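Make a model of the complete structure from these sequences and hints.
Protein chains: 6
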Amino acid sequence: MRILVMNPNTTASMTASIKAIAEASASPGTEIVAAEPQWGPESIEGHFEGYLSAAAVLDRLATFPSDQPFDALVMAGFGEPGREGAQELLDVPVLDITESAAQLAMMLGHSYGVVTTLDRAVPQIRDRLLTAGLLQRCAGVRGTGLGVLELEEDQERTVAAVVGTARRAVEEDGAEVICLGCGGMAGLQEKVSAALGGMPVVDGVAAAVKFAEAAVGLGLSTSKVRSFAPPRPKAIGSWPLSAHLPEAPGSPFGPGSGPR
Amino acid sequence: MRILVMNPNTTASMTASIKAIAEASASPGTEIVAAEPQWGPESIEGHFEGYLSAAAVLDRLATFPSDQPFDALVMAGFGEPGREGAQELLDVPVLDITESAAQLAMMLGHSYGVVTTLDRAVPQIRDRLLTAGLLQRCAGVRGTGLGVLELEEDQERTVAAVVGTARRAVEEDGAEVICLGCGGMAGLQEKVSAALGGMPVVDGVAAAVKFAEAAVGLGLSTSKVRSFAPPRPKAIGSWPLSAHLPEAPGSPFGPGSGPR
Amino acid sequence: MRILVMNPNTTASMTASIKAIAEASASPGTEIVAAEPQWGPESIEGHFEGYLSAAAVLDRLATFPSDQPFDALVMAGFGEPGREGAQELLDVPVLDITESAAQLAMMLGHSYGVVTTLDRAVPQIRDRLLTAGLLQRCAGVRGTGLGVLELEEDQERTVAAVVGTARRAVEEDGAEVICLGCGGMAGLQEKVSAALGGMPVVDGVAAAVKFAEAAVGLGLSTSKVRSFAPPRPKAIGSWPLSAHLPEAPGSPFGPGSGPR
Amino acid sequence: MRILVMNPNTTASMTASIKAIAEASASPGTEIVAAEPQWGPESIEGHFEGYLSAAAVLDRLATFPSDQPFDALVMAGFGEPGREGAQELLDVPVLDITESAAQLAMMLGHSYGVVTTLDRAVPQIRDRLLTAGLLQRCAGVRGTGLGVLELEEDQERTVAAVVGTARRAVEEDGAEVICLGCGGMAGLQEKVSAALGGMPVVDGVAAAVKFAEAAVGLGLSTSKVRSFAPPRPKAIGSWPLSAHLPEAPGSPFGPGSGPR
Amino acid sequence: MRILVMNPNTTASMTASIKAIAEASASPGTEIVAAEPQWGPESIEGHFEGYLSAAAVLDRLATFPSDQPFDALVMAGFGEPGREGAQELLDVPVLDITESAAQLAMMLGHSYGVVTTLDRAVPQIRDRLLTAGLLQRCAGVRGTGLGVLELEEDQERTVAAVVGTARRAVEEDGAEVICLGCGGMAGLQEKVSAALGGMPVVDGVAAAVKFAEAAVGLGLSTSKVRSFAPPRPKAIGSWPLSAHLPEAPGSPFGPGSGPR
Amino acid sequence: MRILVMNPNTTASMTASIKAIAEASASPGTEIVAAEPQWGPESIEGHFEGYLSAAAVLDRLATFPSDQPFDALVMAGFGEPGREGAQELLDVPVLDITESAAQLAMMLGHSYGVVTTLDRAVPQIRDRLLTAGLLQRCAGVRGTGLGVLELEEDQERTVAAVVGTARRAVEEDGAEVICLGCGGMAGLQEKVSAALGGMPVVDGVAAAVKFAEAAVGLGLSTSKVRSFAPPRPKAIGSWPLSAHLPEAPGSPFGPGSGPR
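Protein chains in written order, with numbering that gives the first Met the number 0: chain R, 0 to 259; chain H, 0 to 259; chain L, 0 to 259; chain S, 0 to 259; chain C, 0 to 259; chain F, 0 to 259.
Since the hints were derived computationally from the structure, they do not count as laboratory data. All values derive from a computational prediction rather than experimental measurement. Heads up, a few of these hints could be off.
Given that identical chains are not distinguished, each listed pair holds provided it fits within a single copy or across any two copies.
Unchecked claim - Computed list of lysine-lysine pairs in DSSO-like fashion (alpha-carbon distance at most 27 Å, straight line):
id : residue 1 : residue 2
1  : K223      : K190
2  : K233      : K18
3  : K223      : K233
Here it is as C-alpha cells:
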C-alpha cells in the first residue's frame with residue numbers, strides 16, 4: 000500500500016525528516032510518499048498560518064498527480080486545521096498526527112501529556128483535541144519555547160527541552176504517556192523515552208502511519224454519510240490555486256506587511 | 000466607526016444582502032463596508048469549502064486597501080473556520096456570526112436552537128460552538144434541507160422551511176430562542192419571529208454588528224497575549240495569493256474533478 | 000433609550016460609581032438611570048446576602064415608578080442570584096454583569112480570568128458561570144482579598160491588588176482577557192489594563208450596557224416561551240414588601256444576631 | 000433530634016402534607032417541626048417566586064424562635080433557590096429535597112428521571128442539578144402539566160399524571176429510578192411505585208429527612224471553610240423583614256400588577 | 000435491621016476495624032455483620048487486585064449463609080470495582096464507601112477532596128467518581144504515600160500524613176470537606192477533623208452505613224429495571240469458586256510470579 | 000509477532016469465531032492465539048458476569064503457559080471490565096475491543112453508534128466509553144434485543160437485527176460509523192456494511208488486532224508510570240485460582256440459585 004504523508008509547511012528538510020520517520024514506522028510492503036504544499040508558510044505557529052496551510056494542503060491534494068495514487072493520507076501538522084476538508088475531498092482514509100498521537104497514547108496509559116513548540120500553540124492544540132473528542136484523558140499540553148524551525152537547529156538542545164517539559168507533564172500534570180506535539184519532533188521519541196526511564200513516548204507521524212495501515216488493511220475508509228460527504232458541485236474561483244499561480248518563491252512576511 | 004462585513008463566499012448578491020441587514024442593524028454613525036473574497040467557492044456547504052474560504056478571506060484581509068481602514072471585522076460565515084486567523088492578523092476586534100448569534104441568544108433565553116441549511120452542516124456548526132465554549136446552552140442544531148444558494152431563490156419557501164424547522168426546535172428540543180444559522184438567511188428574522196408568535200429570532204449578522212459596535216465603543220480589541228498574538232515573521236510562499244493570481248473567473252468544480 | 004442600572008446593594012455611593020461607568024460606556028442617546036434596593040444588605044459577599052438582595056431588587060423593580068419606564072435592565076451584581084426572576088417579571092431585556100463580562104471577554108480572547116473580591120465568592124461566581132453555560136472558556140476565578148466596601152476606600156491599593164491577581168491569572172491560569180469581578184471595581188479597567196501592558200480588561204457594567212443597547216437596538220427582548228414566561232397569577236403575601244415596610248434604616252447585622 | 004422541615008410557600012395545607020411525609024419517614028426519636036414563611040407566594044412555579052421564597056425562608060429562619068432549637072433543616076422546595084443562604088446562616092446541616100432525591104436515586108439505580116409539575120420548571124430544575132454536580136446521571140426531567148396547587152386537588156388525577164410521565168421517563172429516557180419533583184407530591188411514592196411495577200420512586204422530603212438524620216447522627220454539619228462561612232457583620236436594611244412587616248394577608252398578584 | 004459490611008480484602012484485622020467504625024456509626028437497632036472474602040489479596044492497591052477482589056466479594060455474597068439474612072450491603076473498598084455486580088446479585092440496597100463518602104461530603108460543602116493511600120490509586124478513584132456521576136464537585140484526589148497495610152502500623156504517622164495531605168487539598172484545591180479515601184482509614188475522622196480546625200471529615204464506612212439505614216428505612220432498594228436486573232440463568236463454570244477451592248492459605252505473590 | 004486474543008467467556012465456539020476474525024484481520028507475519036478462561040460464565044450479559052469474567056481472564060493470563068509467550072493481548076469482551084488489571088499484570092500492550100472499535104470509528108467519521116446485544120448492556124457500555132474518554136463522539140448505544148449466545152443461532156436474523164438497529168443509529172442519532180458492540184458479532188461487518196450502503200462498520204476484534212500490531216510494531220507498550228505499575232508483592236489467597244480448582248464443568252446458575 001502507498002501512504003501519502005503531507006508536511007503542512009513548505010520546508011523541504013522537514014518533509015524529509017517526516018518521511019524518514021514514516022518509513023521507519025511503516026510495515027514491510029508499505030510505501031511512503033511525502034510531499035509539502037506548493038505555496039504557503041515555511042512553518043506553522045498559529046492560526047493564521049494554519050489556515051493558509053489548510054488551503055495549501057487541499058490544493059496540493061486536489062492537484063496531486065493522478066498517476067501517483069495513494070491508499071491513505073497522513074497529515075503531519077500538529078494541532079492544525081484542515082483534516083476534515085481532506086476527508087471530504089478524498090475517498091481514502093485520512094489520519095492526522097494530533098489525533099493519532101492522542102489515540103495511541105490512550106491505548107498505552109491512563110492519561111497523556113503533549114509537549115509542543117511555543118506556548119501560543121497550546122490553546123490551539125487543546126481545541127483540536129476537544130473537537131476530536133480526545134481531550135478528557137489529556138493531562139495537559141505544554142510548550143518547550145522552541146519554534147518549529149528551531150527544533151532542527153540543535154537536536155541536543157531540542158531533546159533536552161522536550162525531556163524537561165515532559166518531566167513536568169509527568170510530575171505536575173500526572174501524564175503517563177508523552178506525545179511529541181510537532182511534526183518537527185518526529186524521530187526524537189527514542190531519545191526522549193530513554194531519558195524518561197523508558198516511559199512510552201508517542202510520535203504522531205509513526206502513530207498515524209500505523210493507523211493508516213490499519214484502516215487500509217481492514218478495507219475501511221472515511222464515512223461519507225454526513226459530515227464528510229463529497230463536496231457538492233459548484234464554481235470555485237481560481238481553483239485549484241496552484242494551477243493559476245506562477246512558480247513564485249516564498250515572499251517574505253514580516254512585521255509591517257500586514258493589512259494595517 | 001467603520002465595520003467591514005466579510006461574506007465568506009464569492010457570490011456578490013449574497014454580499015449585498017448581508018450588507019443590507021448589517022446596515023439595518025447598525026447604529027447611526029456606523030458605516031458598513033462589505034466585501035467578499037477574490038477567489039474561492041460561490042457558497043460554503045462543508046469543510047472543504049470552508050477551509051478554502053478561510054484562506055480566501057485572510058487573503059482578502061491581507062490585501063485590503065490600506066486607504067480603507069476599518070474599526071472592526073464581522074465574518075459572515077455560519078459554522079465556518081477562519082476567525083482565529085483574522086484575530087491574529089488584525090488589530091481590530093473580529094466578530095463571527097456563529098458565536099455572536101449564540102451569545103445574543105443566551106442573553107435572551109435559557110437555551111437556543113440553530114436552524115441552518117443542509118443536514119451535513121450540523122456537526123460542523125456544533126463543533127464550532129463547542130470550541131467557542133457556547134454549546135452547553137444549545138438545545139440543538141437542525142437543517143432545513145435547503146442549500147445556501149437555494150435560500151435566495153424563493154423567499155417564501157425559505158421562510159416556511161425555517162419556521163417549520165424552528166417549531167421542531169422549540170417543541171422537541173426545548174429551544175427558547177432561534178438563531179438563523181446561515182449568513183444567507185439574514186433579513187428573515189422578523190418574518191420568522193412573527194410566524195413563531197413573536198419569540199426572539201436572532202440573525203448572526205445583526206448580532207455581530209452590534210457586538211462590534213460594543214467592543215469598538217468600549218475601546219477594546221482582541222487580546223494579543225497568547226492565542227492571537229501577531230503571526231511571527233517568516234517566509235510565506237506566493238503570499239498574498241491574490242497578488243499572484245491572474246484575474247480568473249470561477250472554475251467549475253464538480254463530480255470527477257477531484258484528485259482521484 | 001433608557002437603561003435602568005440596578006446596584007444590588009443599598010450603598011448609594013456604589014450606585015453612583017456604577018452609574019458613572021454606565022454613563023461613560025453608553026452611546027449617545029442612551030440615558031442611564033441608576034437605583035438600589037430600598038432594603039437589604041449594604042454589600043453582598045456571599046449567598047445569604049445575595050438571596051436577600053435578589054428579593055430586594057425584585058421588590059424595587061415591582062414598585063419602580065410607572066412614569067419612569069425603561070427599555071432594558073442591567074443588574075450590577077457579580078456572581079449574584081436574581082437575574083432569572085427579573086427576566087420573568089419584565090418585558091424588557093435583562094443583562095447581568097457576570098455573564099456580560101464573560102461574553103465580551105470571549106469575543107476578545109481565547110480564555111478569560113475573573114478577578115473578584117473575597118476568596119469565598121469564587122465558588123459562587125463559578126457556579127453562576129456554569130449555569131450560564133459560560134464556564135468552559137474561563138481560565139480561573141481569583142480573589143484579591145479585598146471586601147466589596149474596601150474597594151472604594153483606597154483606589155491605589157485596589158488597583159494594585161487587582162493587577163497582582165490578574166498577573167497570576169495570566170501567568171498561571173492562561174487567561175488572555177481579564178474580567179473585573181465586582182460591580183465595585185467599575186471604572187478601574189483602564190488603569191488595570193495599562194498596568195498589564197494593554198491587555199483587554201472588561202468591566203461587566205460597561206459590557207452589559209453595550210449589550211442592552213444591542214438588544215434594544217435590534218428590537219429583541221427576553222423569550223417568554225418557557226423559562227421566563229411571566230409569573231402566574233397568585234397570592235403573594237406582603238408583596239411588594241416595600242409597600243408594607245416602614246421607612247426603616249438599616250439594622251445592624253453582626254455576630255450573634257443570627258437565629259441560634 | 001429535631002428536624003425543621005421548611006415548606007417554601009405560604010400554603011399551610013402543603014406544610015401539613017410535607018410534615019406528614021417527613022414524620023412517616025423519620026426514625027424513632029426524631030421530631031419533625033414544620034413551618035412555612037410568614038410572607039411570600041402561595042406556590043412556587045418559576046424563578047421570580049423562587050427568589051421571593053428564598054428570602055422569605057431566610058427571614059423565617061433568622062427569626063425562628065430561639066427556644067425551639069433544631070438539629071437540621073430540610074428545605075422542601077424542588078428546584079428552588081435559597082439553600083446556600085441557609086447553609087451560611089445556620090450551624091446545623093441543611094438538606095434540600097432536589098439534591099436529596101437525586102442522591103438517593105443514584106444509590107438505587109444507574110440513572111434517574113424527575114417528574115415535576117409544569118414544563119416551565121424543567122430548565123430550572125436541571126440548572127439546580129447541574130450546579131449541585133448531580134446532573135450527569137439524570138436521564139431527564141419531565142413536567143406533568145399540573146401546577147403545584149393543582150396537585151392537591153385530585154389525588155387520583157395527580158397519580159395518573161405522574162405515572163404516565165414516569166413511564167415515558169423509563170421508556171424514552173432510560174430512567175431506572177423516578178424522583179418526585181415537587182414537595183407537593185410527597186406521599187405519592189407508594190402509589191406511583193406500585194403502578195410502575197415496584198420500581199423505586201423517591202420522594203425528596205423522605206430522602207432529605209433520612210440524610211439529615213445521617214449527618215446529625217454522625218456529628219457532621221456544613222463546612223464553614225469557604226463557600227458557607229457565616230455572613231460577615233454588616234448593616235442590612237429592614238432586616239429581618241418580618242419584624243418590620245405588619246401582619247398582612249397575601250396580596251393578590253396577577254396580570255397587570257407588574258411594574259410596567 | 001442487619002447490615003453486612005464487606006471488607007474487600009482478606010486481612011481480618013481490617014475487617015475488625017471497619018466493623019468497629021460501622022458499629023459506632025449505626026443507629027440503635029441496627030446490627031452490623033462484617034465479613035471478608037475467603038480468597039483474594041490481603042490488601043487492594045491497584046486494578047489487578049481490585050478485579051480479583053470484586054470476584055472474591057461476589058463469591059462471598061453468593062455463598063453467604065442463608066440463615067444469616069441481611070437488609071443491606073456496605074462495600075468497604077475505596078475506588079474499587081464490583082459494586083454493580085452485587086447490585087445485580089442482591090435484592091437489598093448496596094452502598095459503596097467511595098460514592099457514599101462523596102455524596103455525604105456534597106451535602107456538607109461545595110466541593111470535597113479525597114485523601115487516599117498511594118498515588119497510583121488516584122486515577123482509579125477519579126474514574127470511579129466519574130462513572131458514579133460524582134466527580135464534578137471533587138476538588139481533587141491526593142495520595143499520602145502510605146500503603147493500605149501501612150495505615151494500621153503507626154496511627155500517629157497515619158494521622159499526620161492524612162492531615163498534611165488534607166491541608167493541601169484545602170489550600171491548593173479548594174476542598175471544603177475531606178473524604179478519607181481508604182477503608183483502612185476508618186476511625187480517624189475525629190482526629191483529622193480536630194487537626195483541621197473542625198472542618199467536616201467524612202469516613203465512607205460511616206456514610207454508607209447511614210445511607211443503608213436510610214434506604215432500608217424508606218423501604219427502597221436497587222432498581223431492577225435495566226442496569227441491575229438479576230443475572231440471566233446460565234452456566235457458570237466452577238461457580239461459586241469457594242465451593243470448589245480447597246481451604247488454602249494465601250499464596251505469596253511477588254515480583255517474578257507473573258505470567259512472563 | 001504473536002497476539003493472544005482472549006474471549007472473556009467459556010464458550011469455545013465463540014473463541015473460534017473470534018479467532019477467525021482476528022486471523023482474517025491480522026497482517027502477514029502475525030500469529031493469532033485464542034483462549035478463553037478456565038472457569039466463569041458461558042456468556043457475559045451484565046455486571047455480575049463481567050466481574051467474574053474479569054477475574055477469570057486475569058487467572059488465565061497469570062497461568063498462561065510460559066512457553067507460549069505473546070507480544071500483545073486483545074481482550075474481546077465488549078463493555079466489560081478487566082482491562083486495567085491485565086495492563087498492570089502484563090508487560091505487553093493490552094487492547095480492548097470496546098475502546099478499539101470506538102477509536103477506529105473516530106478515525107473514519109464524525110460520530111459513531113454502537114449496536115449491541117441486550118438493552119441492559121447499554122449503560123454499562125456507555126460507562127466504559129466514558130471512563131475511556133471516548134464517549135463525546137458517541138452518537139448512541141442501542142441494543143438489538145438478542146442475547147450473546149443467540150447471536151450465533153441464526154446469522155441471518157442477527158444481521159437483520161443489527162442492520163435495523165444501525166439504521167436507527169444513523170437516522171435518529173446521527174451516527175456516521177457503526178461499531179459492532181459484542182465480540183460475538185465479529186465477522187458480520189461486511190454484510191452489515193453492505194446492507195447500510197457501504198458505510199463503515201467496525202468490528203472491535205479486527206480493530207484491536209490492528210492496534211496491537213501498531214503498538215508492537217512501534218516498540219511501545221503500557222506505561223508503568225502510575226496507573227498500570229506492576230502489582231505490589233503481597234499475599235493473595237488461593238491465587239491463581241485455577242491452580243486450586245478441580246477440573247469442574249460449569250455449574251448451572253439460575254433463578255433461585257443466588258444468595259437469598
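Tested hints:
1. K223 to K190: Classified as between; 18 Å across copies, 40 Å inside a copy.
2. K233 to K18: between (35 Å within a copy, 23 Å between copies)
3. K223 to K233: Within one copy only: 18 Å inside, 38 Å across.
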